[in-house]
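Enquirer: Here the protein sequences come in this chain order: A and B.
Start counting the first sequence at 1; every next residue gets the next number (the working numbering).
Start counting the second sequence at 438; every next residue gets the next number (the working numbering).
Any given hint could be a false lead.
Straight-line Cα separation of at most 30 Å, DSSO-like style, residue types lysine-lysine; simulated pairs [to be verified]:
| id | chain 1 | residue 1 | chain 2 | residue 2 |
| --- | --- | --- | --- | --- |
| 1 | B | K723 | A | K391 |
| 2 | B | K690 | B | K639 |
| 3 | A | K262 | B | K652 |
| 4 | B | K570 | B | K468 |
| 5 | B | K723 | B | K570 |
| 6 | A | K262 | B | K567 |
| 7 | B | K570 | A | K391 |
| 8 | B | K567 | A | K391 |
| 9 | A | K248 | A | K334 |
| 10 | B | K690 | B | K567 |
Rather than coming from a laboratory, the hints here were simulated on the basis of the structure.
Read off the chains here:
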Amino acid sequence: MVAVVIAGASCKKEPNELQAVSLKVTVALDQALSGYTFNLADAEITATNLTSGKVNTAKADASGVVNFSSISPGNYDVKATLTVKAEDYTTITGTFVEDDVVLNGTLTNKTVSDASTSLNIDIKAGRVGGWVFKQIYYAGSHTSNGASFRDQFIEIYNNSNEILYADSLYFAQVEGVNTRLSSIDFSLPYLRSNGQYDWTKSIGMNDVNANENYTYARSLFMIPGTGKQHAVLPGKSIIIAGTALNHKAPFTNNTGKEVTVKDPSLTVDLSGADFEVYLGDFPGNTPLATDMDNPAITNMVNYARGVGKDLILDATGRDAYVLFKSSQPVSAWKKYPSPDETSITTSTDYFYQVPNTLLLDAVQIQVPLETSRIPRKLHDGLDAGPVFVSKGQYSSQSLIRKTSKTVNGRVVLKDTNNSANDFTELNTPDVTKSVFK
Amino acid sequence: MKYLLSVCLIGISLHFPAFAQGSADSLYFFKQERALTAWSMSNGTQLLNSAIYRTGKADISFSGYDGHFRRAQQAETGTEAQVYTEGISTLNRFKFSGYFSFGRVWQDSLAWSAKGTGDDMTPYYYGSIKAGKFERLAYEMGGTAVYVLVNDRLYAGTNLNYRYRSSTRSVDPRPEIDQFDLEIAPELSLRLGKHLFGAAVKLGFGSENINVDYKNPDFKLSLGYPDRINYYLRGYGFLDKTRHGAQTDVKTKRLSGALVNYAGSAGRFDIRFRADYSHLLERNGKELTNSSRDTISNEFLLNKLDADILMTGRSEAVNHQLSATFSFFDGYDHDLRLRASSYFYNRTFVEGSYLARLVRKEISPEFGAGIIYDAVQRRDISSAHFVDHSVVEPRIETNLYLSKGKGKWFSGVQLAYRIPVASSISVPQSQETVFTTGVVYPDYDYHTSSAVGISGELGYIAHSFLKQFNAGITGGVSYWSRTDEQLSFANSTFVMGKSRFSFNASLNFYF
Chain A
1 MVAVVIAGAS CKKEPNELQA VSLKVTVALD QALSGYTFNL ADAEITATNL TSGKVNTAKA
61 DASGVVNFSS ISPGNYDVKA TLTVKAEDYT TITGTFVEDD VVLNGTLTNK TVSDASTSLN
121 IDIKAGRVGG WVFKQIYYAG SHTSNGASFR DQFIEIYNNS NEILYADSLY FAQVEGVNTR
181 LSSIDFSLPY LRSNGQYDWT KSIGMNDVNA NENYTYARSL FMIPGTGKQH AVLPGKSIII
241 AGTALNHKAP FTNNTGKEVT VKDPSLTVDL SGADFEVYLG DFPGNTPLAT DMDNPAITNM
301 VNYARGVGKD LILDATGRDA YVLFKSSQPV SAWKKYPSPD ETSITTSTDY FYQVPNTLLL
361 DAVQIQVPLE TSRIPRKLHD GLDAGPVFVS KGQYSSQSLI RKTSKTVNGR VVLKDTNNSA
421 NDFTELNTPD VTKSVFK
Chain B
438 MKYLLSVCLI GISLHFPAFA QGSADSLYFF KQERALTAWS MSNGTQLLNS AIYRTGKADI
498 SFSGYDGHFR RAQQAETGTE AQVYTEGIST LNRFKFSGYF SFGRVWQDSL AWSAKGTGDD
558 MTPYYYGSIK AGKFERLAYE MGGTAVYVLV NDRLYAGTNL NYRYRSSTRS VDPRPEIDQF
618 DLEIAPELSL RLGKHLFGAA VKLGFGSENI NVDYKNPDFK LSLGYPDRIN YYLRGYGFLD
678 KTRHGAQTDV KTKRLSGALV NYAGSAGRFD IRFRADYSHL LERNGKELTN SSRDTISNEF
738 LLNKLDADIL MTGRSEAVNH QLSATFSFFD GYDHDLRLRA SSYFYNRTFV EGSYLARLVR
798 KEISPEFGAG IIYDAVQRRD ISSAHFVDHS VVEPRIETNL YLSKGKGKWF SGVQLAYRIP
858 VASSISVPQS QETVFTTGVV YPDYDYHTSS AVGISGELGY IAHSFLKQFN AGITGGVSYW
918 SRTDEQLSFA NSTFVMGKSR FSFNASLNFY F
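Looking at chain B on its own, in the form it has when it is part of the complex:
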C-alpha cells in the first residue's frame, strides 16, 4: 500500500513535464509565488482555482540544529536528511496534486519524551530524565484529486494524507514507536462566476505502538539510577513511575471534522480562504494480543480550529501579499482511573504578515513585516500545575530576487524579536516532582524569555544546468539568542543556554 501510493505520487510529481504556465522554477522563485503554490496543493478548491496545471519539484535536503536555548523536551542537536517531491498535473476532467517525502532524523540529548513526534501538547506518554540519541524515519505522502462534474459549475474532489513514522532510542529506557495516520477529506466545490466555494468533511484514523524496554537489566527495576526510571506522564505534572521497566502500549486515533474553502478574486486581488475544524480523539491503553478489545486507560480529546486567508494583489509596479492565520486548540483528557478530566490545554495562535515586491525586470527587492501572537495555557489539576505564557513576535524582512542571464538568484534576511507578554505559574511545593524541576520550570523560563532571531536564505536556480529540467540550490541559516539573563527557578534541573542555531541546504530540481 505504502509502496503503491509512493509510486503514484512520485508519478504525479515527476511524470508530466511542465510547460504553458511558465517554467516550474518560477513558481518557487518568488516568496509570494511559493505561498500560492503551497495553498494550491492544500485541497481541491484551492487546486481548482490555481492557474498551475502542471508542475513538479524534487528536493534533496539536509538540515540541522544545535544549541542549548531550547525546551527541556527538545533535542540539543539534530540533523535530518530528506527527499521530497511534489507536483500538480491535469488530465482531461481531472486535476491532481501530490507529494511524497522520506526523511531520516538523528537527534541527540533528548530527554523526557519517548514520543513519536515533537509536540508538547498531548499527554499520556513515557519519558525519563536520561537524555539520549533518537533515530527516526518518516514517510509522508498525500495528494488531492478533483473531477469536473459539471463544467464551470460543480466539482468533486478528495484529499488524502498518509504518514508513517518510526522512532527508536539507543539508551535505556529505550522506546520503539511506530505510528501511522491516514486522513481523507472528500470535498464538493461550486463555482459561481469568479468565486469558488468548497466544503469537505474530514475523517481520519491512526495508531501508535509504543514499546519501552531496557537493555541493561540493572536499570530496569532499580531506584539506584533515578535518571533511568521510565515515567508515564499523564498530563503536565501528574506522573506514574511505571510498574515495570518495560511497557507495551497502543494509542489509537480518530479524527473527524469539516473544512470550508473559498478561492476567488476581487478587483486585482486573488483571495483564498480556508477554515478547518478538527476533532481528534486519542485513546491510550494496553494491547491485548489475545483479545478482540484493547484495554483503554485514558483518552485525550482535542478540538482545533484553523482559519487562514491569503490575499495577493498584482500590479505593474508592486506585488502585494497579505496573509493571516488563526489557530485555536482546546484539549482535555479523560483519565479512566480518576473518572474525570485532569489535564487541560488551550492555545491561541495568530499570525499576520505582509510582503511587497517591487516588480523589476532583473532585480526585484521585496520588503515585509509580520507578527505572531502565541498564548498557551496548561492546567494539570491532579498535580496542581497551572502554567500560562504568551509571546508576541514581530519581524521584518527583506528579500532580493535577481534574474539575469541563465540563472536566478534569490536571497532574504529576516529579523525577529520575541517578547513575552503575560505569564503565570503555580505549583505548590507539595506537588513538585522531577518532571516539575526537569521540564515545567525550565520550559516556563524558556517561554518567558525574550529573544532575538535572525535568519537568512540564499538560493540559485540554473536554467541550463541540465537539459531536461532546471535545477538549483537553496541554503538557509537561523540564529536565536536569548536577550534576558533571568531564570525564575533555582531548583530547575535543566538550565537552558543562550542561543540556538539551525541550518538547511537543499538541491532542487524543477520539472
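Isolated chain A, as found in the complex:
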C-alpha cells in the first residue's frame, strides 16, 4: 500500500525551473560627444526593478560596462550618470565651463527576463539655462482638511549671475500618455517603444523628427510684459499660482459659496504670488467655482488650458513641465492633434509644438510607486531622471531644487538636467521664496 502511495507521489510533473538572471549594461557617449575621451569608469549605473522597487547601483569599468550578476527578472528602468569635473570638461572639449557637467542617459521599462540580458545606454549633456524651476508644488493638500489642488503653484528662479526679465517667459504642461506602463498595449501604432506618443503619426505631421526635436504643450501660459517689465535679480524667484489667494483663510467662491479649510497648516497663503492663472474668461471654458481672479495679482496670458479649468497640476505626478522663451509669438506656431486621434472633428484638441531648442528648463514628474509609473514625456537631453514627492498626492509636500553652491551670497541651484538628483522635497511648501535646501 505504501508503495502505491509513494509511486503516486513520484509521478508528479517536473517543473520548468527558472534560470538566474543577469544584466549587462554598456555605457557609451552620445554621438554628439563621441569624439571626446571622458572617463567612463566614473559612470554610475542604477537599475530599478519596476515591480519590486529594488534599486541596484554600480560603477562602470573602464569600458563603461557594468554587470549585475544576480537580479530578479522583471521590467527595469536603467539610468547612467557621469559627472565630469569642470576642469576636465574644459580640458577635454576645449570649452570653458564654470561648473561640473553631468552626462545622463536612461532606458525605460526594459524587460530583463533572459538568463543574460545586455542593454546599451548613450549618455549626453543637457541644457543649462538661467531660468530654472525652483519649487513645484504639484501634490496639493488634503482633499477634505486642506485646499486640495487649489493651492498648487510653481516657483521659477533666476539661477544666473545677471538680471533676467520674466516677460514672455512661458510655462507649459506637456501632453503625453498617462497610462500605467504595465497596462499599455505597446502594439498600438501611435505609440513608441517606450509607451509614449509617436508624434510622427499625428494627423498633418510631416516632420520625421517630430519626437526628438519638439515637446507638445497641453497647457500653455505666458508671463505678460513689454520685455523689461518684470526684472528678477540673480538668486531671486517668482511664483505663479493657480489661484492667488490665502488658502488658509475662508473665501467666497464664484458661486457665492464660502470655502474653508479645516486645517490651515496643511496649505499656504498665495495672496503674495507674483502671477496667477485665471481661466474664468478663457473661450470655451466653463469657469471653475474656485478659480478666483485676484485683482491685485497679474494674470498670466493663457494660450492653452488643456483639460484644466485652472492651472491644475496632476497631483498624482503624471506630468512634465517646461519653461521657455520665444522671440516669435506662439500663436503662430503649429499645433497638432494627439497621435491617437484618427480623424479631425470639431472637438479635436490641438497641442502647441514647442521646439526643444527653446526650452530653458524641463522637469519630469513621476508617480511614486514603481508599479504605477507612466511613460516619460521628456527625453534624456531634457530631463534624465523623473522626480516625485515621497508622500504622494495631496500630501502638502513640494519639490524644491537643491542648492549647488553659494557665490558671494547668491545661491546657485543644482541643475544637472536630472531632476531625480537635482530636487529634494519640503513637507510644507514655501511661499516666502527664502527657503533653500
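Take the given structure of chain A and dock chain B to it, following the hints.
Expert: Chain B only, in chain A's frame:
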C-alpha cells in the same frame, strides 16, 4: 449548509449518552488513550477498529501566547477562545464520528502576512512591514460515517471535513480574507481476521477571497510611509510592490490524493498505520465579476506524503505506546508571468515517541521520550534566496495519573531541547529587499537558534460534578527560551527576543 452540518455533528457528539465501554472521561484521561481516540476519529478504517462505540466530549477553552522569540511572520501575542465538541456513535450497521469547533482568535503585532492561515510555506500572498492586530474566526466541522456492507468483511465509509475561516486586520493595509475548504474521502475497508485494511481516494476544493484596502488614503499610493506598502510576495524573496494599494484576489484550491489504512493487532500490540498522499493545486488570480473565468496569474503545487504508525501494547504491569510520524512536503510554483517555476519548498518532518505507563490502581506514573527531526529547504530563484535549516528536538516527559474517590487528576511535565543541525543561507546583496531583512534573515536566525522548552499540564475530572455527565478542567503552560546569543545578520529589521510563553485552559464535559 454550514448550520445544518453543525447541528448534525453536534448531534452525533452529544445526543447519545456514553456507556458500555466505560465512562467517556476515561478515553481522555490517559495520554495513550487520548492518542487512540484521536486516531479512531481520523478515518473509517480506524473508526471501525476502535472499541469505542459511543462517546462524546465538549470543551470550552481559552488559550494564548506571548513573547518575542518567534518568526517574523508570527504574531507577538495572541489569544483564542474556542468551543469544541466531538463524538462517536453507533447505530445498527452504521458507525459515526464527528467534530465541530468554533474559534475566535485575536492576534497582535503580526507583520508581513496577510494570510488566512499561519503557514509559512505557500507563496503568493500580501504582506507589509507594518505590524497590526488581526481578528479571525474559524468554523471547522467534519466526520466519518461507515456502513457495514458485508458482516465482518466489507465496509464502506466516507470522511468529510469542512473549514471556514475569516480574517481581518485593523491597521492599513487592512486585509479581509474569507476562505473555505471542503474535503471528502470515500473509503472501502476490508477485514481479514484481526486485520482491517482500508483504501480511500481524497478529493477536495476550496477558495479564498482576499481584499486588501486602506482606510487612510495617504497610505495608499505614497512612498512616504514605507511600512504601509502592500507587497505581493511571490516566493521567498521575490516580491512586487502592488500596482495600487487596494487589491482583490481570489485563490482556488483543488486537492486530490489517496489514503491507505491498516488497523489490527499482533500479539498484545494494537497496531494502527495510515499513509496519505495529497496533491494540492492552488491557483491565484484576479476575480472578474463580469466574466465566466477568472484571470490566473500563478499556481502553487504541493505534493505531500504523510505516514503514521501507532503501536499500543498493554500488559498487567505496563502499557506501552510507540508512535512515529513521517511527513514529506514537495512544493513549487508556476509563475505565468515568468512562464517558469521560481519558488521551491521542501520539508521533511519525522517524529518518534515512546510512552510507558505503569498500571496501578490509584497512582499511575508514566515516562516517555521523543524526538523530532525537521528539515526545511526554500529556493527562490528569481531573487536568488536559498535557505536551508534543520533541527533535532529530543524531549523527555513524565506524567502522573491519580484516580481516587470521585475524581481523577492528571499532570505532566515535558522538557525539550531544540538543536540546529545543518543550515545554510545564500542571498546576494544585489537581491536584498525589505523582505530579506525583515523576514528571511530574522527567520533564519530563529530556525538556527538552539532553545530549551518546558511545558506542563494539569487536569481534573469530577465524577459527581453534574448528574448527567462528568466534567473536568484542564490547564497547560509552555515556555521556550533561546539558549544562544548569536544573531547572524546585523541588518535584520526584526530582532527576535529570548523567550515565548503559551498557555491554555479548558472546561471539559464528557458524555
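Enquirer: So which hints don't hold here, by number, going up?
Expert: Numbers 4 and 9 - these are the hints that the structure violates, sorted from lowest upward.
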